[in-house]
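Residue numbers (this note's numbering), protein chains in the order written: chain A, 1 to 149; chain B, 150 to 261; chain C, 262 to 752.
Note that these hints are calculated values from the structure, not bench results.
There may be inaccurate statements among the hints.
Here are the computed lysine-lysine pairs in the DSSO-like style, where the Cα-Cα straight-line distance is at most 30 Å [said to hold, decoys possible]: (1) K367(C) - K60(A); (2) K577(C) - K175(B); (3) K247(B) - K420(C); (4) K411(C) - K691(C); (5) K691(C) - K197(B); (6) K255(B) - K577(C); (7) K247(B) - K458(C); (8) K64(A) - K249(B); (9) K746(C) - K577(C); (10) K255(B) - K458(C); (11) K411(C) - K171(B); (12) K64(A) - K367(C); (13) K255(B) - K170(B).
Computed footprint of chain A on chain B, listed as stretches where at least three residues anywhere in the stretch have a Cβ under 8 Å from a Cβ of chain A [unchecked claim]: (14) 222-235; (15) 238-247.
Note that the structure is a prediction, hence the values are computed from the model and not measured.
Yeah, the Cβ is synthetic: ideal placement off N, Cα and C, and Gly gets one too.
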Amino acid sequence: MKSQEGMTIIVKTVTRISVWLIFVYGIYIIFHGHLTPGGGFGGGVIIALGFLNVFLAYGKEYIKKWLNIGLLHDLEATSAILFVGIGIIGIAMTGGFLANFLSKGTLFRLFSAGTIPLLNILIGAKVGVALFLVVWSLSLFHIDEGGEQ
Amino acid sequence: MILYILCFILLLVGLYGVLTKKDLIKIILSLSIMGYAANLFLILFAYKNDAIFPILSESAVQEAMVDPLPQALVLTSIVIELGITAMLVALAVRLYQKYKTFDITKIRSLSG
Amino acid sequence: MILPYFIIIPLLAAFLITLFSREKDYWSITVSTIASATMLVLSIVCFITLKGETFIYNLSGWKIPFTICLVRDSLSCFMIVIIQLISFTSLLFSVNYIRHISSSWKYYSLFMFLVAGMNGVVSTGDIFNLFVFMEIALFAAYALVSYGGKAFEFEAAFKYAVIGSISSTLILVGIGITYSATSSLTLAHIAQVLPQKPDILVWVGVLFLVGFGIKAAIMPFHAWLPDAHSSAPAPISSMLSGVLIKALGIYVLIRLFFNVFGAPPVFMNIFMVLGAASIIIASFLAIGQWDMKRLLAYSSISQIGFILLALGISTKLAILGAVFHIFNHAIFKSLLFYNAGSIEMAIGTRDLREMGNLKSVLPVTYSTSLIGTLSVSGLPPFNGFFSKLIIIVACVQAGYITYATIAIIGSLLTLAYFLKVQRYAFHGDKLFDVSEKSIGGGMKFAMLFLALLCVVTGVLLIPALRQSMLDPIVDTIFNKTEYIKLVLGSL
C-alpha cells in the first residue's frame with residue numbers, strides 16, 4: 001500500500017475549494033480594517049489559518065513544493081521594516097512617529113483614513129506569514145531526535 | 150458584581166492549574182485560562198448596559214457605546230499571549246525531545 | 262526628539278538582520294554592533310544635554326489623552342545609558358562567545374529585540390505601552406535563555422516563562438483596575454487621580470508590587486532567577502542580571518510607587534522588609550552554591566535587596582544610594598558574569614570545585630574579576646563601596662538601626678561568598694592547559710572596560726559631578742507633583 005501524506009481525498013477536495021475563499025475573506029478583513037471590526041491582525045490570522053488548512057490537509061512535503069518558505073521569511077521581515085519605515089516617514093513629514101501624512105479622504109470610503117490601511121496591510125502580511133511560520137517551525141522539530149540524559 | 154466574581158474565580162482556576170498540574174501542556178493551558186480571565190476583566194470594566202459596539206457606521210443612530218480602549222488593550226494582550234503561548238509550546242516540545250516526558254516531576258536537572 | 266530612536270534603531274536592526282543575514286554571520290554582527298554603538302553615543306548625548314529638564318514626545322502627533330507619550334527625564338535617560346552601556350559590552354563579548362555555542366543571526370536579532378523592549382519600558386509614559394514593551398523584552402529573554410539548546414536551558418526558560426506569564430497577567434489585571442478607576446493610561450493622569458482613592462490604590466499597589474516584584478526577583482518571588490540567569494549564555498546572563506531586572510523591575514517600581522502613587526508609607530515599609538529579607542536570605546543561599554553563575558545569580562537577588570531597602574527608606578540620601586547602586590550593580594555584576602563566561606569558555610565548566618589556579622593561565626580574567634569582587638563586596642575605593650556606604654548611612658540617619666545592621670551583615674556575607682569564588686577558581690593547585698588566547702579580543706575588551714568603569718565611577722560622587730548627574734535623578738524620583746506638572750504642562 002502506498003503511504004500517502006495528508007488526509008483523505010474528501011478533505012483535500014474541500015480544502016482545495018475553500019482555501020481560496022478563506023484567503024479572500026482574510027484579505028477583505030484586512031482591507032476594511034479601518035471601517036469594520038477586524039483589521040490587520042484578525043485578517044492575518046484568517047490568512048494564516050488558510051495556509052494551515054492546506055498544511056494539515058496535504059502534509060509537509062506538498063507545502064514545501066507549493067510555498068517558498070525562505071520567501072515567506074523575507075516577506076515577514078520586509079513588512080516589519082516597511083512598518084517602521086512608514087513610522088519614520090511620519091517623523092520626517094509631521095514630527096511624530098507613525099503620524100499620518102496622507103490625505104484622510106472621506107469617511108466610510110475604502111481608500112480613506114490616511115496611512116491606517118497601509119499599516120493594516122503590512123500587519124496582515126506580517127501576522128499571516130508569521131503565524132503560519134510558527135506552526136511550520138514547530139512541525140519541523142522531530143520529536144525523537146536529540147535526547148539527553 | 151457577580152460577573153466580576155465569576156471572572157476572578159476563572160483567574161483563580163488558571164492559577165490553581167499552573168501551580169498544581171504536573172503536565173507541561175496542562176500548565177500552558179492553565180496560563181492561557183489565566184490570560185483569558187484577565188482579558189475578560191478588562192472587557193467587563195468597559196461594559197455599559199444598553200450600549201452598542203464602538204464602531205462608527207454610516208447608518209447607525211448615535212447611541213451610547215461601550216468604551217473602546219479596553220477592547221484595544223485586550224486585542225494587544227491577545228497578540229502577546231499568542232506569542233508567549235507559541236514560545237511555551239516550542240519549549241515544551243524541545244523539553245520533550247530532551248527528557249521524553251511532559252511530567253515536570255521528572256524534569257528536574259535544576260534544583261531549587 | 263531623540264527618544265523614539267532608542268526604540269526605532271534596535272527594532273530596525275533586528276528586522277534587517279532577519280532579512281539580510283540568514284546566511285552571513287558577519288553582517289548580523291556588523292549591523293547589531295553599529296546599532297548598539299550608535300545608541301550608546303546617542304544615550305550619553307541624551308543624558309548630558311538633559312540638564313534636569315523633562316521633555317515629552319507624543320507619538321503619532323496626537324495630544325496626550327489620546328496618544329502614547331514618551332517621557333525623557335533624568336531617570337529614564339539614566340536607565341537608557343545603563344542599558345546601552347551593558348548591551349554594547351555584552352554584544353562585544355557575544356561575538357566570540359556565541360561563536361563557540363552556535364553562531365546565528367537569530368541571537369543578534371533577539372538581542373536587539375531585548376534592547377528595544379527595555380528602552381521602551383524605561384522611556385514610555387503610558388502604563389499599557391510599558392506592559393507591551395515589557396512583554397517584548399521578556400519574550401526575547403525567554404528565547405535567549407534557551408539559546409544554548411541544552412536540556413537544563415529549556416527547563417530554566419520554561420520556568421522563567423511560566424512565572425513571567427503569571428506576573429504579566431497580574432500586571433494586566435492591575436492595569437485594568439487602574440484604568441477603571443482613573444479612565445486614563447497616561448502615568449501622569451493616573452498620578453493625579455489615583456491617590457485620592459486609597460482603597461483602589463491598595464489593590465493596584467499590591468498587584469503591581471507582586472507583578473513587578475516577580476520581574477525584579479525580590480525575595481519571595483525570586484524562584485526563577487537563579488535558574489534562568491545561570492542557564493543563559495554568559496552575555497545574556499549579564500544582560501538579564503545587569504539591566505533586565507532593573508529596567509523591568511526596579512525602574513518600574515520606582516516610577517509607579519514614587520512618581521505615580523506618591524510613595525505611600527505602607528508600601529515603603531513593605532519595600533524595606535522585602536529588601537532586608539532579600540539581602541540576608543539570598544546571601545546565605547549564595548554561600549552554599551558551587552555553580553559559579555548560580556552563585557552570581559543569588560548575589561543579584563541580594564544586591565537588588567540593597568536597592569529595594571534604600572528605596573523603602575525613601576530619604577533623599579537613600580534614593581541617591583539606590584540610584585547609584587543600580588548603576589554600580591549593573592557594571593560589576595555584568596563584569597562578573599563575563600568572567601564566569603570566559604572561564605566556562607576556557608575550561609568548559611562552571612563548577613567551582615573543578616576549577617583552580619586559573620590566575621596564572623587567565624590573567625585578564627583574574628585581574629578583572631578581582632576588581633569586580635572587591636567592588637561588589639563594597640571595599641574602597643571601588644564604586645560598590647560608595648553606594649553601599651550611602652545606603653547604610655541613610656539607614657542610620659533615618660533611624661533604622663536594624664536595617665543598617667542587616668545591610669552591613671549582607672555586605673560581609675557578599676565578601677564571604679566572593680572570596681569563596683576567588684579561592685576556588687583562581688587559587689589552588691590544579692593545572693589547566695589553557696591559555697587566554699582561546700578567549701577573543703572582544704571578550705577581553707568588554708571585561709577590561711567594565712573593570713575600568715568599576716574603578717573610576719566612584720568619581721560620580723564628587724559634589725560637582727553629583728549635582729549635575731545624580732541629583733536630578735533623585736529630584737525626579739522625589740517630586741511627584743513636578744512630574745505631573747511637567748508631563749501634563751507641556752501638552
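Each hint, compared with the structure:
1. K367(C) - K60(A): With a Cα-Cα distance of about 24 Å, the restraint between K367(C) and K60(A) holds, given a limit of 30 Å.
2. K577(C) - K175(B): 48 Å, violated
3. K247(B) - K420(C): 16 Å, holds
4. K411(C) - K691(C): Between K411(C) and K691(C) the Cα gap is close to 28 Å, so the pair holds against 30 Å.
5. K691(C) - K197(B): 73 Å, violated
6. K255(B) - K577(C): Given pair K255(B), K577(C) is violated - Cα atoms ~50 Å apart, limit 30 Å.
7. K247(B) - K458(C): 52 Å, violated
8. K64(A) - K249(B): 28 Å, holds
9. K746(C) - K577(C): 21 Å, holds
10. K255(B) - K458(C): 48 Å, violated
11. K411(C) - K171(B): 22 Å, holds
12. K64(A) - K367(C): 22 Å, holds
13. K255(B) - K170(B): 13 Å, holds
14. 222-235: holds (count 4)
15. 238-247: Since 7 is at least three, the answer is holds.
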